[in-house]
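2 protein chains.
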Amino acid sequence: MKAETRKSEIIQTAAKLFKEKGYSAVTMRDIAAEMGIKAASLYNHITSKQEILKEIIISLAETFTLGLQDIQKSDSSSIKKLQDIVRLHVSIASQNTYEMASLNNDWMHLEEKLKYYLELRLNYEAEFRNIIAQGVKNNEIVNGNVEVMLFSILSTLRSLYLWIPKKEELNVENLSEQLSQVLINGINNKIN
Amino acid sequence: MKAETRKSEIIQTAAKLFKEKGYSAVTMRDIAAEMGIKAASLYNHITSKQEILKEIIISLAETFTLGLQDIQKSDSSSIKKLQDIVRLHVSIASQNTYEMASLNNDWMHLEEKLKYYLELRLNYEAEFRNIIAQGVKNNEIVNGNVEVMLFSILSTLRSLYLWIPKKEELNVENLSEQLSQVLINGINNKIN
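Protein sequences, first through last, are from chains A and B.
The first sequence begins at 1 in this note's numbering and counts up one residue at a time.
The second sequence begins at 1001 in this note's numbering and counts up one residue at a time.
Possibly wrong hints are sitting among the right ones.
Calculated pairs, DSS-like style, for lysine-lysine (alpha carbon to alpha carbon, straight line, at most 27 Å) [unchecked claim]:
1) A:7 - A:38
2) A:16 - B:1019
3) B:1113 - A:19
4) A:19 - B:1016
5) B:1115 - A:16
6) A:19 - B:1049
7) B:1054 - A:21
8) A:115 - B:1019
9) A:115 - B:1016
10) A:19 - B:1054
11) B:1019 - B:1038
12) A:19 - A:7
13) B:1190 - A:137
14) B:1038 - A:115
15) B:1080 - A:190
16) B:1019 - B:1080
17) B:1007 - B:1115
18) B:1137 - A:190
Here are some chain B residues pointing at chain A (derived, C-beta under 10 Å) [stated by the list, open to error]:
19) 1024
20) 1027
21) 1028
22) 1135
23) 1140
24) 1141
25) 1143
26) 1149
27) 1154
28) 1157
29) 1158
30) 1175
31) 1183
32) 1188
What the hints contain is simulated information worked out from the structure, not anything from laboratory work.
Cβ atoms here follow ideal geometry from the backbone N, Cα and C, with glycine treated the same way.
All chains should be built: construct the whole structure from the sequences, respecting the hints.
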């Protein structure tokens, strides 16, 4: 097995255990046991539980950041940008449910990368806010409270990993479209 | 100080510590220290950390359940019922931010009350789903995917406690109205 494959297998196993037992309760020994290997051979691939957490959270956070930057740079309308953000979240969450749980529940256990993670998170919210504010400015989005719109949409997107795996069959395109419909156009029939 | 007041002070202090350090990491000694009393005197009011957790989570969950039952029983339109559910969540979350964090993060640490909690939660989702499905049936709500509507709205309501305290001044009525607007009517100006 290639070193990179083994490393990514370690990370996936760890993310699953972090979700089930919580980061603090999981040991390197638990991760090795779950994989059916010796704890010592884990250390050929990874130096510590903290390194695993960093790999999980920072790489996901950077994936979101890069995705949002691409969307922001495009010359799409504000509504189309929001639809693209919804698709970005559905797509990442559907492929990384354990890792998303870790991102949501364990970020505070990051050590030297905590500050960097918090910066990525604040910048993400700021760019998202800008897209909404721009849409309000150009009359594509209703003239409402931008913070309420931002956190209402973002809360749903951040919680996606909690209910995505419950679906029997997941079609990313379908779910993205349905979710965009609900989040952007609302559910009130009188105005749709 | 009355026994009931002291008990509720213990519960509030514990909820704050659970949020800051995680349920597992908090000891009865920590709770006593935070209150400036002796650990022994905690036990005059409460038998264990588990009892505190139970008090926090079950009483909140029952408050939500009773609130939803009142709304469900009313003869309001489906849209009005959803607006009332939004107000219910804003109102409870704004008065119980630490307790809401515990409900969201620590419910899995419940012991003999875990099954009861999960029942309350499933029933809550089922009643909420019924209200949406009824609205679809009577054409008040768009004919979309009920599960997506349910979890999209519920995710935002369940995450409210995370951003409510960030607001300088909270007006429950205003926030409920703004949030209802976003969750029910959407943010797309073309259809509003």
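Checklist entry - Looking at the structure, which of the earlier hints fail to hold? => result Hints 14, 16, 20 and 21 not satisfied by this model.
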